[in-house]
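Novice: If you want the building blocks of each chain, they are given just below.
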Amino acid sequence: MKLSLSSVKKWTVVAAALTVLLAAILVSQLFFSKTSAGYEATAWAMGSYVQQTLYGDGAEDTATDVSSAITELENLISWRVADSDIEKLNSAAGTEWLELDERTIDVLEEALSVAEATDGAYDPTILPISALWNFDSDEPTLPEKEKITSLLPYVGYEFLRINTEENTASLRNHGNGVDLGGIGKGAACDTALEIYQESGIDGGIIAVGGSVGVYGSKPDGSAWRISVRDPEGKAEDGLGVLSLKEGCVSTSGSYEKTFTEDGVTYHHLLDAKTGYPAESGLVSVTVVHESGAISDALATACFVLGIEDSLPVLKEFGASALFIDEEHHITIAGEMEFEQISTDYTVSRQTL
Amino acid sequence: MKSQFPLFRKRDILVFLVAAVLAIAGFLQWIPKSGTPVAVIEQNGKEIRRVELSSITQPETIVLEGEISVTVLLEPGQVSIVHSDCPDQICVNTGALTRPGQSAVCLPARVSVRIVGENNSGIDGMTG
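These protein sequences, in sequence, are chains A and B.
Under this note's numbering, the residue at position 275 of the first sequence is numbered 275, and the numbers go up by one with no gaps.
Under this note's numbering, the residue at position 20 of the second sequence is numbered 372, and the numbers go up by one with no gaps.
Which bits of chain B does chain A cover? Going by a derived footprint, with three or more residues having C-beta under 8 Å, they are:
1. 439–449
2. 455–469
Computed Cβ-Cβ distance ranges for the label pairs, DEER-style:
3. A/327 / B/417: 39 to 47 Å
4. B/411 / A/265: 28 to 36 Å
5. B/403 / A/20: 31 to 39 Å
6. A/139 / B/407: 37 to 45 Å
7. A/265 / B/437: 13 to 21 Å
8. A/276 / B/411: 40 to 48 Å
9. B/406 / A/20: 25 to 33 Å
10. B/428 / A/109: 49 to 57 Å
11. A/146 / B/407: 58 to 66 Å
12. B/428 / A/16: 40 to 48 Å
13. A/13 / B/411: 48 to 56 Å
In case anyone wonders, no lab produced these hints; they're calculated from the structure.
Just so we're clear, the structure is a prediction, and the values are computed from it rather than from any experiment.
C-beta: ideal position from N, C-alpha, C; glycine also.
Based on the sequences and whatever the hints tell you, model everything.
Specialist: As structure tokens, then:
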């Protein structure tokens, strides 16, 4: 068989075309998988697991900056950290006003705003009681009733005074103490979102424990999808998915930190009025708000308040919430894009 | 004098070229991309193990010693924390992880197990 010149040319053209096509497919695939996967970073801070996924230029440096900024914030606002602003404030309780870092003052101000609006359902001055229960330790214990009764009078947000012009704060009486555990993770999300905004990345999501903050957009431009955990842990994909374009979402659940003594299970969401774990018929509350700190504190407050008393508070802050009660019912209050997955729960909506 | 039977004819070279391109393309496809689900096990922020889920053929148990000891079970296509000395057992109750984006965390032991890779589940984060 003899190959003519024209058929050689034909083969050359076919081969060249195939090569170009394959090269194009490969390059586009490599490029696509790179951009859509995002940069992931994990760390430990605020007694929580911190996860970030960032898209766009400078993702790695930005993630590192965020990790350091959150550790810095923790070293300012954790009462457990020696020489932190809050440790100093607590030590100086009943004596003088202290000048504190602006970041600490900001968080204290946000904490007070939620405490005042909820009449102390969320109370940053819960430390005398929360330290007694010690839910963050390896061995939390059921305190003696007398001990709780004797320390309850020291809890009250009105004992915490701040001066935002001079960045000073004080606790009125010896024995008062601030615990920002119910707002710190949300505040950490705010810190992250600020840095994302300044960095020029395209988009990012941060989760500090149960608080999540989102910024910018994903490569495909779709909304951020955040799964709401099934309190019973049965539904692998969670109860459902919440879509968020911007802002933060936080959850307070009675299943998070618990211990059982004499057949009774105690959870960490303490009612500042009684000194005991709150009983409002709820299992968890998820709150969406532009501020992480506010969403975090509101989640605690709404858990303590129960659905009905939470509604006016949510309206006041322009927040929305998802309540899960002990009867396996989900109540969504306000505007929230929620797509149900688990069929073990019924859902109803409530306008604010 | 030109041979009647050259080692390669022009046509053969072209066939070789196409075959080579196809082979390279196939090889690149076979190389794990960032999209392949990979289980990452970390303790105290340090990576202990990174394993492609699809490469696991038989169950393997990893015991992470520490003040609070945690046992991780790697199985074909999934990973789970099966034991922890921690009081709350949230990590164990999380169950098996199979898709990118999922994670199981034992806070008291500072151990995390997560699956990274191209996120096809459509979930970006988790609250609760």
